[in-house]
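Visitor: In case you want the letters, here they are:
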Amino acid sequence: MHEMALCVSIMEIVEDEARRRSFSNVRTVCLELGALSGVAPEAMKFCFSVVAARTVADGAALEIVESPGLAWCMACSTSVEIARRCEPCPCCGSYQLQVTAGEQMRLRELEID
Amino acid sequence: MCIECGCGEATPTIEPGRYVRAIGDHHHHAHDHYGEHHDHLHGGDEHRCHHRRSQDSHFCQHDHVARQAHRGQGLADCSSEAAGLNLARTSSERIIRIGRDILTKNDRIAAENRARFLTDGLLVFNLVSSPGAGKTSLLVRALAELKRTHLVGVIEGDQQTSNDAERIRATGVPAIQVNTGKGCHLDAEMVRRAYRRLPPLKHGILFIENVGNLVCPAAFDLGEACKIVIFSTPEGEDKPLKYPDMFAASSLMVINKIDLAPMVDFDREQALEYVRRINPSIEVMNVSVRSGEGVADLCAWIRKQALRIDRAEGTAR
Chain Y
1 MHEMALCVSI MEIVEDEARR RSFSNVRTVC LELGALSGVA PEAMKFCFSV
51 VAARTVADGA ALEIVESPGL AWCMACSTSV EIARRCEPCP CCGSYQLQVT
101 AGEQMRLREL EID
Chain W
1 MCIECGCGEA TPTIEPGRYV RAIGDHHHHA HDHYGEHHDH LHGGDEHRCH
51 HRRSQDSHFC QHDHVARQAH RGQGLADCSS EAAGLNLART SSERIIRIGR
101 DILTKNDRIA AENRARFLTD GLLVFNLVSS PGAGKTSLLV RALAELKRTH
151 LVGVIEGDQQ TSNDAERIRA TGVPAIQVNT GKGCHLDAEM VRRAYRRLPP
201 LKHGILFIEN VGNLVCPAAF DLGEACKIVI FSTPEGEDKP LKYPDMFAAS
251 SLMVINKIDL APMVDFDREQ ALEYVRRINP SIEVMNVSVR SGEGVADLCA
301 WIRKQALRID RAEGTAR
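These protein sequence lines are chains Y and W, in that order.
52 is the number that our numbering gives to position 52 of the first sequence; each next residue is one higher, with no gaps.
302 is the number that our numbering gives to position 302 of the second sequence; each next residue is one higher, with no gaps.
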């Protein structure tokens with residue numbers, strides 16, 4: 001639901017970079033979204049096309065690289081991969097998990113003309 | 001929509017300095033700008049002013065001081081920045097590494113808010129819940145108790161109307177309403193602006209009542225000490241599983257309308273089991289605004305947090 005606000009933030013960074021580095025046409029915007037970031041990639045793509053219209057990124061493709069969610073299982077004392085926050089440890093079934101990665105939302109790189 | 005800040009039809013609006021009664025508007029008019037372009041609220045001129053300033057300050061900032069500022073903020077692209085500039089200007093390479101968090105700007109303003117709250121010795125809570133869980137009613141009840149011992153203020157977030165702020169002000173506690181328009185959450189900039197319109201609350205407690213929504217407010221840091229998530233028994237015990245991000249981000253879960261538990265077959269133990277799957281360290285409290293059950297416990301919990309801040313300050317001094 002907040003994908004629109006996130007896209008506005010992305011465009012702020014892109015326009016900021018465009019001024020600093022003097023470019024005027026962005027072809028691709030590449031994001032890294034963690035599996036636990038709570039962002040829906042499809043909604044993100046739709047919102048981005050709306051927010052990017054009539055800017056340096058008008059018509060640019062939004063590429064999304066998903067990174068895995070990782071958690072430390074206190075019962076197994078090991079790092080495990082989880083797809084969602086309320087999942088149990090895939091090894092032992094415990095819910096005593098501390099999320100260690102997968103919440104990130106980063107603007108990785110831009111492909112420009 | 002304005003590309004700079006997302007404003008336009010959905011522009012968030014913040015009440016002018018109206019807290020308990022009209023104590024004189026714009027007491028914050030000390031021009032304590034942080035070099036940002038959003039601070040300048042001058043009634044009807046706000047939008048024009050903001051945009052003129054935004055153009056000036058953006059170009060100015062980024063031509064002269066931006067690099068220093070960016071370094072100071074420890075952004076992830078610092079090391080690659082010089083290389084990136086060369087890439088764009090001198091070679092045919094068309095890929096620019098950015099490596100910045102999407103919420104960089106919000107997080108920076110939230111950090112500034114947090115520093116400001118710390119300077120003012122202020123304890124700040126971000127109250128989150130779904131619509132109708134009883135945030136405002138709970139707040140009204142708790143404020144009656146807390147205002148006896150502390151300076152208290154409230155920032156109220158809603159899409160529309162200032163009904164909630166009016167309800168708070170009726171208790172004699174200053175409140176500022178932020179209307180987010182089409183926005184579904186409060187962000188750090190809205191809180192910064194609203195805080196300036198509250199009377200001084202040094203060594204007091206500030207409650208930020210977020211927009212009723214268990215999804216988006218989880219992602220937006222406002223500069224608070226912690227989030228308190230409120231959910232009510234009629235919503236069902238599996239709410240933490242349905243909206244895990246918010247329960248993971250909160251330090252305290254308040255189960256409101258506990259007097260209705262038998263009527264709606266609410267299984268408290270099951271709710272605890274679910275929430276601990278998401279957040280093993282979350283504290284839990286039962287409250288009923290209607291019967292008053294648990295309100296004193298909640299106030300005691302809040303005072304305990306305030307005491308912790310005072311002690312930390314004492315140590316710092």
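I should point out that these hints are in silico values taken from the structure, not numbers from a laboratory.
Any given hint could turn out to be false.
Claimed, not checked - For each label pair, taking beta carbons as the anchor points, the in silico distance ranges come out as:
1. Y:V65 <-> W:R94: 16 to 24 Å
2. Y:E87 <-> W:A144: 21 to 29 Å
3. W:V284 <-> Y:T100: 20 to 28 Å
Every value quoted in this text rests on a predicted model; they were computed, and no experiment measured them.
Positions of the beta carbon are idealized from the N, C-alpha and C atoms, including for glycine.
Visitor: Output the numbers, in ascending order, of every earlier hint that fails for this structure.
Guide: 2
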